[in-house]
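Colleague: This is what each chain is made of:
Protein chains: 2
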Amino acid sequence: MTVTLKDVAQAARVSVSTASRALTGTGLTSERTQQRLTRIARELGYRPNPIARGLKTGQSRLVALLVHNLTNASFQVMAEVVQARLKALSYQMLLCIGGDDPQQESDTLTTLVDHRIDGLIVVPTGKNGPQLKALAKDVPIVCLVRRDDATDLETVLADDPQGAYLGTRHLIELGHKRIGLIVGRQDTTSGRERLSGYVRALREAGITRDDTLIHAGHFVPETGATGCRKLLDLSRPPSAIFVANHEATLGVLRVTAERNIAIPDDLSLLCYEDMPWFEWHRPAISIVDNGARDLANLAVDRLLHRMEAKGNGNDGVREYRVGARLIKRDSCRQLDAPVSTRSTKPKSPSKSSAAKSSASKPAKV
Amino acid sequence: MTVTLKDVAQAARVSVSTASRALTGTGLTSERTQQRLTRIARELGYRPNPIARGLKTGQSRLVALLVHNLTNASFQVMAEVVQARLKALSYQMLLCIGGDDPQQESDTLTTLVDHRIDGLIVVPTGKNGPQLKALAKDVPIVCLVRRDDATDLETVLADDPQGAYLGTRHLIELGHKRIGLIVGRQDTTSGRERLSGYVRALREAGITRDDTLIHAGHFVPETGATGCRKLLDLSRPPSAIFVANHEATLGVLRVTAERNIAIPDDLSLLCYEDMPWFEWHRPAISIVDNGARDLANLAVDRLLHRMEAKGNGNDGVREYRVGARLIKRDSCRQLDAPVSTRSTKPKSPSKSSAAKSSASKPAKV
DNA sequence: CGATAGACTGCAATCGATTGCAAGAACGCT
DNA sequence: AGCGTTCTTGCAATCGATTGCAGTCTATCG
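Listed in order, the protein sequences are those of chains U and L.
Under full-length UniProt numbering, the very last position in the first sequence is 365; numbers go up by exactly one each time.
Under full-length UniProt numbering, the very last position in the second sequence is 365; numbers go up by exactly one each time.
If you are wondering where the hints come from, they were derived from the structure by calculation, not from laboratory data.
Some hints could be false.
[As the list claims (entries may be wrong)] Which residues of chain L face chain U? A few of them, derived with a C-beta cut under 7 angstroms, are:
no.	residue
1	Arg13
2	Ser15
3	Gly25
4	Leu55
5	Thr111
Cβ coordinates follow ideal geometry from the N, Cα and C atoms, glycine included.
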């Protein structure tokens with residue numbers, strides 16, 4: 001059915017080995033035969049069989065990316081970046097979804113290595129350290145976003161301490177003194193690191209840490225809802241909330257909406273990691289960008305480096321940090337300034353009273 | 001490095017062929033040797049090499065899913081479903097992102113077939129019909145969500161005419177007579193079909209179609225924004241907008257927010273396809289669910305069927321439709337009923353005047 | 001007790017490439 | 001012309017499995 005190297009060789013009246021050498025461009029064939037074979041191969045529509053080649057060379061030209069899910073916008077971006085980069089090098093990306101579940105991660109890892117992937121970028125659950133460590137002997141691995149403390153794998157991390165610091169400082173500079181923090185579980189690196197950045201910014205500003213303003217929880221929207229309620233119900237509620245647990249954002253938005261809390265007038269809101277709709281939201285939501293695109297690019301760089309180095313790509317560096325940056329939009333307001341009194345333009349066919357509107361206006365003047 | 005079948009055979013003092021037969025369970029070996037080999041293989045940690053096996057059997061145990069992007073929530077769901085289903089059958093999913101770009105689609109298809117995938121589920125751009133047709137001779141293919149008219153490939157489609165009909169009828173039943181429609185490009189199947197469903201519902205209700213209420217455009221948020229503005233600026237603006245172009249939803253939401261239009265009090269809003277945050281949004285957004293989960297499951301069913309049938313899985317059926325369904329949440333209101341006057345509970349630390357709130361309250365009583 | 005079917009097992013070819021080794025061709029040099 | 005290089009090319013082994021064919025061994029039957 002399909003054209004094999006043998007067919008090409010026969011058509012050109014040379015041996016398979018010559019054909020192979022000519023087509024792979026080893027420089028071991030004469031200029032003339034090389035061109036002739038290239039032409040014939042093209043005419044016949046020959047396409048090398050990666051499976052056969054892989055059997056011999058031990059390579060598959062497959063690189064896997066194992067993430068927790070595709071719901072998280074960061075992972076989407078990363079997947080697209082990785083796919084684009086790899087494609088340019090004629091690798092195929094194997095995108096796998098591990099669901100942040102150790103068992104599933106373990107199964108997937110096994111399958112992947114069976115398939116003789118040439119490289120792996122993984123967001124580890126942290127529960128399969130030994131396995132990862134063992135696999136790393138066979139295939140280049142780079143960890144992404146999370147570190148697996150049980151291994152000494154090269155890891156590309158977001159600079160969470162800095163990101164949380166930047167965000168918190170931004171709020172402080174806007175005059176906020178009581179800043180609520182909703183953050184991830186404290187048994188994860190990112191959870192701990194973001195808390196530490198928050199604390200550092202407070203300390204630098206001479207604000208004493210108030211633990212009632214801190215809510216840590218699982219990576220689900222409910223965490224945001226309960227955390228937000230808890231914060232709002234305090235006798236002295238915060239004037240700003242920093243949602244440093246990405247998945248919790250939805251919960252926070254819902255609670256503020258339910259309670260008719262105007263953002264940023266009643267409450268400033270700063271979130272961690274972007275979502276595609278954040279800038280379409282009214283008010284557009286300010287964020288700390290963890291640099292998903294940069295993270296992915298760096299991870300690919302490091303992986304390729306290791307793949308080329310064939311087992312000794314140890315440059316000594318074990319951990320890379322990608323800087324976070326603040327993206328100011330409209331959800332945080334200067335605290336000491338009076339509540340904005342810009343002109344509302346109700347030229348829309350608004351039949352309802354002014355008492356309800358579906359969103360506050362942009363905070364920018 | 002890794003354990004091969006040969007190693008297992010040697011350890012068991014049998015030939016490779018016997019080892020192979022015992023481990024693959026062909027029933028051609030004695031019970032005893034089979035068990036013995038299974039045990040030894042396990043002890044040695046033997047894992048068959050899919051590449052070598054694939055070379056001989058012509059199978060790769062790789063099934064590809066080619067979608068446009070991962071931003072679309074439907075595609076996310078589909079990817080997760082496909083991955084889960086395939087995994088249970090020990091296939092690996094190759095998730096590829098085509099970007100709705102014909103060139104990229106074409107390249108990707110070539111690569112995939114080179115890798116000897118065992119099956120393919122593809123959301124076609126519609127511009128690579130000939131290629132798809134040719135590939136279909138070598139590998140089972142099922143089209144998903146979109147049809148490629150240049151082929152006669154088996155296709156699993158959402159029932160867009162019905163979905164749009166259901167949605168429109170819902171709005172009509174709520175008393176709406178002027179219903180704006182923001183829909184996709186009319187050179188796509190889904191764009192045309194959704195428009196037709198909308199028109200049918202109007203006709204059935206005896207409402208004459210008003211083309212000024214219809215806005216068709218590209219699959220980007222901007223389409224929603226311009227469409228929404230256009231509709232709102234009409235001398236007789238609609239009382240409800242049906243956003244049947246998924247990507248346009250963000251634009252519509254932004255414009256309504258900017259203009260302080262309360263949903264559903266001032267304007268009812270119905271969208272097509274879910275997004276994870278729709279039910280967290282205030283008001284929770286009613287949608288027509290295209291059944292992404294069902295679509296993906298059916299596509300997998302059909303693909304597996306064809307893969308097993310080995311080239312003659314032609315059951316005569318060429319097109320499958322998966323029913324859409326309406327999910328009522330809080331963004332559509334009964335038109336003739338008075339604007340809701342439920343008690344607002346501003347127990348939140350609202351320092352701002354009542355004139356602004358970040359969202360309207362839930363519409364449900 | 002010999003013949004024969006049936007159950008296991010092993011040999012060797014095969015899938016489609018890559019690659020070490022050696023033979024043959026072409027060329028330059030003295 | 002003779003000899004040694006350098007280029008090209010082909011032969012054959014190899015990667016790690018699967019599988020047709022044939023041979024061995026046991027058991028069963030006449």
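Colleague: Each hint: holds or not?
Modeller: Each hint tested on the structure:
1. Arg13: Not OK, violated: arginine 13(L) not within 7 angstroms of chain U, min 26 angstroms.
2. Ser15: Since chain U brings no Cβ nearer than about 21 angstroms to serine 15(L), farther than 7 angstroms, the hint is violated.
3. Gly25: Result: violated, 18 angstroms to nearest chain U Cβ.
4. Leu55: holds (5 angstroms)
5. Thr111: holds (6 angstroms)
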